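**Q** Spelled out from the first residue to the last, the chains are:
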Amino acid sequence: MSTAVEPSISLLGLEAWAERPAGPGWLRELKALALESHRALGIPTTKHEEWKYTPLRGLTERRWTPGEPGPAVFQQELPRHEPNSVRVVLVNGRFDRNLSESGTPSPVTGEGAGGGGLTAKSLRDALTEDEALVRPWLGQVRPRTTQAVGREIKPDSHTFAELNTVVFEDGLFLRLQGEIAPLVEIVHVSTGEGQAFAPRVLILAEEGSRARIVETYVSDGTGPTFILPVTEVIVKEGAHLEHVRVQDESPESFHIANWQTHQAPRSEYHSYNVCYGAALARVDQGIWLDGEDTVTRLDGVVCASGDQHIDNHTRLDHAFPNGNSFEIYKQVVDDRATVVFNGKIFVHQDAQKTDAKQTNQALLLSPTATIDSKPQLEIFADDVKCTHGATVGQLEDLPLFYMRSRGVPKQQAEAVLVYAFAAEVLELITHEGVRQSLEKRLYEKLGVDLT
Amino acid sequence: MLQIHDLHAQVADDRREILKGLSLTVQAGEVHAVMGPNGSGKSTLANVVAGRETYEVTRGDILLDGESLLESEPDERAHRGVFMAFQYPVEIPGVSNTYFLRAALNARLKAEGKEEMDAMSFLKHIRAKVQLLGLSNDMLSRSVNEGFSGGEKKRNEIFQMAVLEPRLCVLDETDSGLDIDALQTVANGVNALRSPDRAFIVVTHYQRLLNFIVPDFVHVLMDGRIVKSGGKELALELEDKGYGWIEAEVGATA
Numbered sequence: 001m002s003t004a005v006e007p008s009i010s011l012l013g014l015e016a017w018a019e020r021p022a023g024p025g026w027l028r029e030l031k032a033l034a035l036e037s038h039r040a041l042g043i044p045t046t047k048h049e050e051w052k053y054t055p056l057r058g059l060t061e062r063r064w065t066p067g068e069p070g071p072a073v074f075q076q077e078l079p080r081h082e083p084n085s086v087r088v089v090l091v092n093g094r095f096d097r098n099l100s101e102s103g104t105p106s107p108v109t110g111e112g113a114g115g116g117g118l119t120a121k122s123l124r125d126a127l128t129e130d131e132a133l134v135r136p137w138l139g140q141v142r143p144r145t146t147q148a149v150g151r152e153i154k155p156d157s158h159t160f161a162e163l164n165t166v167v168f169e170d171g172l173f174l175r176l177q178g179e180i181a182p183l184v185e186i187v188h189v190s191t192g193e194g195q196a197f198a199p200r201v202l203i204l205a206e207e208g209s210r211a212r213i214v215e216t217y218v219s220d221g222t223g224p225t226f227i228l229p230v231t232e233v234i235v236k237e238g239a240h241l242e243h244v245r246v247q248d249e250s251p252e253s254f255h256i257a258n259w260q261t262h263q264a265p266r267s268e269y270h271s272y273n274v275c276y277g278a279a280l281a282r283v284d285q286g287i288w289l290d291g292e293d294t295v296t297r298l299d300g301v302v303c304a305s306g307d308q309h310i311d312n313h314t315r316l317d318h319a320f321p322n323g324n325s326f327e328i329y330k331q332v333v334d335d336r337a338t339v340v341f342n343g344k345i346f347v348h349q350d351a352q353k354t355d356a357k358q359t360n361q362a363l364l365l366s367p368t369a370t371i372d373s374k375p376q377l378e379i380f381a382d383d384v385k386c387t388h389g390a391t392v393g394q395l396e397d398l399p400l401f402y403m404r405s406r407g408v409p410k411q412q413a414e415a416v417l418v419y420a421f422a423a424e425v426l427e428l429i430t431h432e433g434v435r436q437s438l439e440k441r442l443y444e445k446l447g448v449d450l451t
Numbered sequence: 452m453l454q455i456h457d458l459h460a461q462v463a464d465d466r467r468e469i470l471k472g473l474s475l476t477v478q479a480g481e482v483h484a485v486m487g488p489n490g491s492g493k494s495t496l497a498n499v500v501a502g503r504e505t506y507e508v509t510r511g512d513i514l515l516d517g518e519s520l521l522e523s524e525p526d527e528r529a530h531r532g533v534f535m536a537f538q539y540p541v542e543i544p545g546v547s548n549t550y551f552l553r554a555a556l557n558a559r560l561k562a563e564g565k566e567e568m569d570a571m572s573f574l575k576h577i578r579a580k581v582q583l584l585g586l587s588n589d590m591l592s593r594s595v596n597e598g599f600s601g602g603e604k605k606r607n608e609i610f611q612m613a614v615l616e617p618r619l620c621v622l623d624e625t626d627s628g629l630d631i632d633a634l635q636t637v638a639n640g641v642n643a644l645r646s647p648d649r650a651f652i653v654v655t656h657y658q659r660l661l662n663f664i665v666p667d668f669v670h671v672l673m674d675g676r677i678v679k680s681g682g683k684e685l686a687l688e689l690e691d692k693g694y695g696w697i698e699a700e701v702g703a704t705a
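If you read the sequences in order, they're chains A and B. Residue numbering for the first sequence follows my numbering, beginning at 1 and increasing consecutively. Residue numbering for the second sequence follows my numbering, beginning at 452 and increasing consecutively.
Among the clues, some could well be false.
Computed footprint of chain A on chain B; a stretch qualifies when at least three of its residues, placed anywhere within it, have a C-beta under 8 Å from a C-beta of chain A [claimed, not checked]:
1) 499 to 505
2) 516 to 526
3) 556 to 568
I should point out that these hints are in silico values taken from the structure, not numbers from a laboratory. Just so we're clear, the structure is a prediction, and the values are computed from it rather than from any experiment. From the three backbone atoms N, C-alpha and C, an ideal C-beta is built for every residue, glycine too.
Make a model of the complete structure from these sequences and hints.
**A** Now the structure itself:
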């Protein structure tokens, strides 16, 4: 690897990061390629189409240092959505054995009932111990280029994902086999003012497996942190995975994430992107449908207030026939907050009989709140059903008056209506514990105690 | 209980005056029917009492137990015992009837400085009302009015009234859009709630509801004012002769 200071990395003050040791040879090659890409892409400005509405000044104005290991013990309780879950914890991007459920040096395994098998371990260990499983997928879960009616459908570039590949040292390797009965919780905790973290998560849902996972990001509020996580998910043939992602970091945090999923034939992937926290948050979610008869959900709930800026870019590639996809984004924007949504759906030339539905709705609660919404459907097959709809609105007077005329105070009535708006997505989450805890957080965020 | 005195009200948006000096006194235990042709201001009266912000009161006053309602927010009016059954009940997807009513009832208890009802005693309370009105339990878990038929929506209004136990009930054209069976169910509900310390104002265009909810007084509203008052026989006369003869009578005395 080059020891020269990379301009984009130095822009973030992270020179030292690029010089850290890199692990096995194949990984060093991967990192070298990622560095080249990242160097070419740099840190985007609003001149870049994909970053038009999300200026990164707040991020680049600060000096960041590569993340240090966090404390062994936390004062505050770490998030848990369900008492009987299997929980693994990553502190400052590093897998924490002591805070993770088994508490033993061996990987967390065999917790699943019904013959299911669960492996959750440090990615750093898995790089060597499970090379055969990890190497084919790490950094490879992404769309490819295909040809369609005289043009090329290209994957998007993700400069921060490349940066994660360059600098990540650890993270989580999660392997799901058979039916996993308990909820699997992945908790990312960030702490340490001015530090940057790059956790890497690789989730392998093996053939025919069934599981529900929730991945939660929190920071402890002791000062700004910057996390640039990458999560890669492989849903193999016939597997069924529900994946809830919760970003609930403290209001001065920076969060720029990349989340890529690969779906094999006859697989189902139900994903929910819940965004409550951070000063600046950007999630790029991509799903590549690599086989026939797939079912996909990519839904989102965004609740932004104060000066928050929350940006979600989703991209779904229907590359094979008979794929069904559903996407609903519900976005609540208050105060001076800004929310950005860009939803791309590519239906490739071979993807006949695709059925894709996209809806995104925003509720503006203040005159200074902003929403930028861009559905983007590109269809190269002729026998498909694709619909999309985007609406932006305010709370309606009549339901508000109706509730108040029954005695519900104004603030509570507003919160209930906002909640009902967002709940349409939260209600789709099948795990009751997760759904209830997310509903409770939403109420807290709306400032109303409705217990 | 209720005194409306020389009430003038206009539409806030375009300042069109609808109520032009309306006066009405209602005592506890009484049922007053307010009838009148379309556009006479019947619904405006109901909405102004409930505190709808699309109307502005420009003159006069509404007193409940001797104290003005006009400065109170809609929710505060509800806490003071005012209830309006809507002509077009509003659908609120994602909010269950049970949750909605518990929030409403507890807000009032809180405003009265009383202890809020826990989930168990609340459930007991509403089950009793479901029984009293002969409704089905599945109404409780459904979202407020979502996908309800016209009749179900009106029944739900009466159900809410039964649960919240208001002192002044204003029924805004509750009979509109109902077939005769649904009308009877709704009327039976109202009759079950009649009591010496509760008053009703029944706003209606047609007399037929008054066959089932028999009023103590009937008032005719025309062009924003009550132009004639009488007993229940006045409603029959209106049914028989229409509103024209009153118009003529008012015209003659004016």
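**Q** Work down the list of hints and note, for each, if the structure agrees.
**A** To see whether the hints hold, each was checked on the structure:
Counting residues of the stretch 499 to 505 of chain B whose C-beta lies closer than 8 Å to any C-beta of chain A gives 5; at least three are required, and the coverage claim holds. Check on the stretch 516 to 526 of chain B: 3 of its residues sit with their Cβ under 8 Å from a Cβ of chain A, so the three-residue criterion for coverage holds. A stretch counts as covered by a chain when three or more of its residues have a beta carbon under 8 Å from one of that chain; for the stretch 556 to 568 of chain B and chain A the count is 4, and the coverage holds.
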